[in-house]
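Asks: Chains as they are written, first to last, in my numbering: chain B, 1 to 265; chain Z, 1 to 265; chain R, 1 to 265; chain H, 1 to 265.
These aren't lab readings, by the way, just hints derived from the structure by calculation. It cannot be assumed that every hint is accurate.
Put simply, identical chains are the same to the list, so a pair is met inside one copy or across any two.
[To be verified] In silico BS3-like links for lysine-lysine, alpha-carbon gap of 30 Å or less:
hint, residue 1, residue 2
1, K27, K61
2, K32, K229
3, K32, K259
4, K61, K229
5, K259, K71
6, K251, K61
7, K251, K32
8, K259, K244
9, K61, K259
10, K228, K70
11, K70, K259
Since this is a predicted model, take the numbers as computed values, not measurements.
Each chain, written out:
4 protein chains.
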Amino acid sequence: GATPLLIAGPCVLEDLDIALECARFMKEVAQKAGFNYIFKASFDKANRTSLSSYRGPGLEKGLAMLEQVKKEVGVPVISDIHEPWQAEPAAEVLDIIQIPAFLCRQTDLILAAARTGQPVNIKKGQFVSPWDMYYAVEKARGAGAQGIILTERGYTFGYRNLVVDMRAFPIMRNFGVPVVFDATHSVQLPGGAGGASGGEREFVAPLARAAVAVGVDGIFMEVHPEPKKALCDGPNSLPLEEAKGLLMILKEIYEVIRKNDILSP
Amino acid sequence: GATPLLIAGPCVLEDLDIALECARFMKEVAQKAGFNYIFKASFDKANRTSLSSYRGPGLEKGLAMLEQVKKEVGVPVISDIHEPWQAEPAAEVLDIIQIPAFLCRQTDLILAAARTGQPVNIKKGQFVSPWDMYYAVEKARGAGAQGIILTERGYTFGYRNLVVDMRAFPIMRNFGVPVVFDATHSVQLPGGAGGASGGEREFVAPLARAAVAVGVDGIFMEVHPEPKKALCDGPNSLPLEEAKGLLMILKEIYEVIRKNDILSP
Amino acid sequence: GATPLLIAGPCVLEDLDIALECARFMKEVAQKAGFNYIFKASFDKANRTSLSSYRGPGLEKGLAMLEQVKKEVGVPVISDIHEPWQAEPAAEVLDIIQIPAFLCRQTDLILAAARTGQPVNIKKGQFVSPWDMYYAVEKARGAGAQGIILTERGYTFGYRNLVVDMRAFPIMRNFGVPVVFDATHSVQLPGGAGGASGGEREFVAPLARAAVAVGVDGIFMEVHPEPKKALCDGPNSLPLEEAKGLLMILKEIYEVIRKNDILSP
Amino acid sequence: GATPLLIAGPCVLEDLDIALECARFMKEVAQKAGFNYIFKASFDKANRTSLSSYRGPGLEKGLAMLEQVKKEVGVPVISDIHEPWQAEPAAEVLDIIQIPAFLCRQTDLILAAARTGQPVNIKKGQFVSPWDMYYAVEKARGAGAQGIILTERGYTFGYRNLVVDMRAFPIMRNFGVPVVFDATHSVQLPGGAGGASGGEREFVAPLARAAVAVGVDGIFMEVHPEPKKALCDGPNSLPLEEAKGLLMILKEIYEVIRKNDILSP
Numbered sequence: 001g002a003t004p005l006l007i008a009g010p011c012v013l014e015d016l017d018i019a020l021e022c023a024r025f026m027k028e029v030a031q032k033a034g035f036n037y038i039f040k041a042s043f044d045k046a047n048r049t050s051l052s053s054y055r056g057p058g059l060e061k062g063l064a065m066l067e068q069v070k071k072e073v074g075v076p077v078i079s080d081i082h083e084p085w086q087a088e089p090a091a092e093v094l095d096i097i098q099i100p101a102f103l104c105r106q107t108d109l110i111l112a113a114a115r116t117g118q119p120v121n122i123k124k125g126q127f128v129s130p131w132d133m134y135y136a137v138e139k140a141r142g143a144g145a146q147g148i149i150l151t152e153r154g155y156t157f158g159y160r161n162l163v164v165d166m167r168a169f170p171i172m173r174n175f176g177v178p179v180v181f182d183a184t185h186s187v188q189l190p191g192g193a194g195g196a197s198g199g200e201r202e203f204v205a206p207l208a209r210a211a212v213a214v215g216v217d218g219i220f221m222e223v224h225p226e227p228k229k230a231l232c233d234g235p236n237s238l239p240l241e242e243a244k245g246l247l248m249i250l251k252e253i254y255e256v257i258r259k260n261d262i263l264s265p
Numbered sequence: 001g002a003t004p005l006l007i008a009g010p011c012v013l014e015d016l017d018i019a020l021e022c023a024r025f026m027k028e029v030a031q032k033a034g035f036n037y038i039f040k041a042s043f044d045k046a047n048r049t050s051l052s053s054y055r056g057p058g059l060e061k062g063l064a065m066l067e068q069v070k071k072e073v074g075v076p077v078i079s080d081i082h083e084p085w086q087a088e089p090a091a092e093v094l095d096i097i098q099i100p101a102f103l104c105r106q107t108d109l110i111l112a113a114a115r116t117g118q119p120v121n122i123k124k125g126q127f128v129s130p131w132d133m134y135y136a137v138e139k140a141r142g143a144g145a146q147g148i149i150l151t152e153r154g155y156t157f158g159y160r161n162l163v164v165d166m167r168a169f170p171i172m173r174n175f176g177v178p179v180v181f182d183a184t185h186s187v188q189l190p191g192g193a194g195g196a197s198g199g200e201r202e203f204v205a206p207l208a209r210a211a212v213a214v215g216v217d218g219i220f221m222e223v224h225p226e227p228k229k230a231l232c233d234g235p236n237s238l239p240l241e242e243a244k245g246l247l248m249i250l251k252e253i254y255e256v257i258r259k260n261d262i263l264s265p
Numbered sequence: 001g002a003t004p005l006l007i008a009g010p011c012v013l014e015d016l017d018i019a020l021e022c023a024r025f026m027k028e029v030a031q032k033a034g035f036n037y038i039f040k041a042s043f044d045k046a047n048r049t050s051l052s053s054y055r056g057p058g059l060e061k062g063l064a065m066l067e068q069v070k071k072e073v074g075v076p077v078i079s080d081i082h083e084p085w086q087a088e089p090a091a092e093v094l095d096i097i098q099i100p101a102f103l104c105r106q107t108d109l110i111l112a113a114a115r116t117g118q119p120v121n122i123k124k125g126q127f128v129s130p131w132d133m134y135y136a137v138e139k140a141r142g143a144g145a146q147g148i149i150l151t152e153r154g155y156t157f158g159y160r161n162l163v164v165d166m167r168a169f170p171i172m173r174n175f176g177v178p179v180v181f182d183a184t185h186s187v188q189l190p191g192g193a194g195g196a197s198g199g200e201r202e203f204v205a206p207l208a209r210a211a212v213a214v215g216v217d218g219i220f221m222e223v224h225p226e227p228k229k230a231l232c233d234g235p236n237s238l239p240l241e242e243a244k245g246l247l248m249i250l251k252e253i254y255e256v257i258r259k260n261d262i263l264s265p
Numbered sequence: 001g002a003t004p005l006l007i008a009g010p011c012v013l014e015d016l017d018i019a020l021e022c023a024r025f026m027k028e029v030a031q032k033a034g035f036n037y038i039f040k041a042s043f044d045k046a047n048r049t050s051l052s053s054y055r056g057p058g059l060e061k062g063l064a065m066l067e068q069v070k071k072e073v074g075v076p077v078i079s080d081i082h083e084p085w086q087a088e089p090a091a092e093v094l095d096i097i098q099i100p101a102f103l104c105r106q107t108d109l110i111l112a113a114a115r116t117g118q119p120v121n122i123k124k125g126q127f128v129s130p131w132d133m134y135y136a137v138e139k140a141r142g143a144g145a146q147g148i149i150l151t152e153r154g155y156t157f158g159y160r161n162l163v164v165d166m167r168a169f170p171i172m173r174n175f176g177v178p179v180v181f182d183a184t185h186s187v188q189l190p191g192g193a194g195g196a197s198g199g200e201r202e203f204v205a206p207l208a209r210a211a212v213a214v215g216v217d218g219i220f221m222e223v224h225p226e227p228k229k230a231l232c233d234g235p236n237s238l239p240l241e242e243a244k245g246l247l248m249i250l251k252e253i254y255e256v257i258r259k260n261d262i263l264s265p
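When you get a sec, could you build the whole thing from the sequences and use the hints?
Replies: So, in structure tokens, the structure goes:
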């Protein structure tokens, strides 16, 4: 049986200490819960609702910080790129390159990421049906991607609201790729907090449990030592201890799923 | 810890033998899986898409069949009413009176059911937000209902499609009432099969697992010895053996949820 | 060229004076604007969000008031029924019997209305695709309805919000029946006002102009001498003078549509 | 009274002759209909559903073709960019720079376009509420844009379907910017045609009439001499003669709106 993925970290790179704290903590939690841990943080939030929001340290400094996390904590790292030229420098540090949900239809971005030879995690657009993610997979495959992951992060449901359609997991696993559930972005309320996305942290755990019970290959979650002080996505980030508690329950549900052979291809 | 409900049976009453077969089989399954079983079948499908579809034996004959099931198999029974005058005769046989989803805003129907003194199961309308089911609960409470259950069966998502928003379960459990997940109607594709509702049976099990992992007080499912021959909702009804397999997995997930105290009020 | 319909009146029958005032005013406006006027008010709001809301005078008193309006003002009247037994008494007064949107899938209600021999106006459910209203039309036709009208009143769009999909008008006119746009219910925000439906009156006029420009056979609108004092649907009802201003613009748009032969079958 | 905009042309630049034919024809039509005409075609379709679809001549050749159209036909031109570095070269030819709907949240792209000093047309994302386009406008304003236009092109409505919420026009005009309705992309069915977006051309005209009746500052439409042979968006492009007929009706509706002072700020 495969070991499930845990992709977790602060939404955006703030200072190195916070990154290291998250990485160390989550690495240990993942070990206990039986997940393969990958550290994630963005070096640039290129699509904040508002111009005045914090965007991150940028490509160069950000990659340097990610390299540090990788070395000091001994974990693989993943981050997202926004323009094709970023793929190559990013691939020198990142173990997996992520395509943001809003950009999942940008052919050149997928191709650039795929051509680096690193695995690519394509987030499902909030406006793309699960069936149509097949075409994103095809684009990455056509460019020789070494590994493709799809991540669900909620679908547009009326205004300023997302819904997670749990049917998306089996539909997309059917393409022959591992599927990850992004439990924290899925509870965002886009634009719902006046110039920023709001979020409903209380739904992170129920949705994560649901996704694991349906059958997914991994879970993504934003974590932060002090979400109230987070420079991005505070309202939906999990405090570290809460993330730990959740993971231990997910482990148990995952055991039921594995034992019953639900995830077999 | 409370024992979860299993409400199951054929969509509509066809002949007594099928009803008895379903009831006997599901009673045994429920016992093994640790669910409290209630037999459900409709005596009248009052809102079929098309005029020519089978509607059922009607109130009188239907209640007589339900009484027979109750006596012969020794299980409580639930069925749905469509007009206020049906509440009283129905209450003489039914252990729980059900309000159909399309009718969950019909004040008089809820009041009539509540006034019988029997518990009332109100299905959530495909057009009602989870928060607004509070007003349906209030109506039933105001009329002195002896017990109120809410049932989720999917929400309108574009045309001819429903989505199950798993956030609905904790939102509605917050009203202080047990919440049931209707796993088979939730996969209907309304009107999607040319004059009838289509359905996607392959999603029944994943959604049921998800709901139990989120935390619900019970599961509803339509079952049939031979879904292909069912006179109603065949495309989304579960064959008996498949229902059994599903229940045994739900039992395991439910154990995880109970053990971790997720369902406590 | 056919003359378009104007169906208008207060949401619910309050006292006779308000009904008469609305009917007289709108009759005159309709004449100026070139619409055939029909007075509408409900005798019972059977599906208010909250139990404590005003429901109306009931069937008997309500029909008496409608008869009075008919006689004193000299206009046809329309109202909605909620249970099959109401069809016959209603048909003795009403010129058109209306099926509420929530009840548009209730076969017996449509059949009972259709069998009276009076024309039937079926409101499109907030959960029914335009294509699937065909089955409602078929039910009414099968029962010998003397005339069938379909009315659009918005479709479920996320939670607590409706959207008017303007494609619905040509799709439903294709069934060979006249299609009316309900401009005031379409701007409701179901449950959005804490135990009552909110509404956005500022969108009534733009949506009504849009519907006429697309091509409809009539317009429905709730009007009230003093919407702030209305016992139902105040937030989306139009004051009489505003309704008049809107009608005069709709007349001009309708002229463009008629001149260009857009409404021909 | 302001003159409304007509932005029209083939979806993507194919060969120069087709571009010139469209530009000449639409320029004349616009003159007759009282619209200010701007030629539009993409030099690169950077987000086709499928990898194998035609993408266009690319930036350099595309801009050269657009310059030719501008010179030979004497019309301003607009096109869309996909990465920030394209803004400067594009601004040397384009009279207006367009931000694609999928990219309307990409801060750097909006800033780069705004900083060129050319007006910017930001298409509303299929996942962005009308209120939240305010933040896109603020980003462009903050970067000193010389003129900002917002374009509606439909909103995600379930899977593989878009809906035009006509309330979006007054909501966005309230930001103090002109609002254009993209009548042909709005009838797309994303992914609905097996590896390509389908489209329902029959709804272009009704939706365009509706938008003008609501009140917009301009109309966008894809046109093609032979839509069946179009290398992109054939199913929703209008043949030239059909576009002409539509424009002449829009002119009449626009007259009603202008005369009644509906578009005043």
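Asks: Now, for every hint given, state plainly whether the structure supports it.
Replies: Hint check:
1. Taking identical chains as interchangeable, the C-alpha atoms of K27 and K61 lie at most 30 Å apart only when both belong to the same chain, with a minimum of 23 Å there against 51 Å between chains.
2. Taking the closest pair of Cα atoms, K32 and K229 come within 30 Å of each other only inside a single copy of the chain (28 Å); across copies the shortest separation is 49 Å, beyond that limit.
3. Taking the closest pair of Cα atoms, K32 and K259 come within 30 Å of each other both inside a single copy (19 Å) and across two copies (18 Å).
4. Within a single copy, K61 and K229 get their C-alpha atoms as close as 21 Å, which meets the 30 Å cut-off; across copies the closest is 49 Å, which misses it.
5. Neither within a single protomer nor between protomers do K259 and K71 lie at most 30 Å apart by alpha-carbon distance, with minima of 35 Å and 39 Å respectively.
6. Proximity of K251 and K61 under a CA criterion of 30 Å is satisfied in neither setting, with 35 Å inside one chain copy and 50 Å between copies.
7. In this homomeric assembly, K251 and K32 come within 30 Å of each other (Cα to Cα) both inside a single copy, at 9 Å, and across copies, at 25 Å.
8. Taking the closest pair of Cα atoms, K259 and K244 come within 30 Å of each other both inside a single copy (23 Å) and across two copies (17 Å).
9. In this assembly of identical chains, K61 and K259 lie within 30 Å of each other by CA distance neither inside one copy nor across copies; the values are 44 Å within and 45 Å between.
10. For the homomeric pair K228 and K70, the shortest alpha-carbon distance inside one copy (26 Å) is at most 30 Å, but the shortest distance between copies (54 Å) is not.
11. In the homo-oligomer, the alpha carbons of K70 and K259 never lie at most 30 Å apart, since the shortest distance is 33 Å inside one protomer and 36 Å across protomers.
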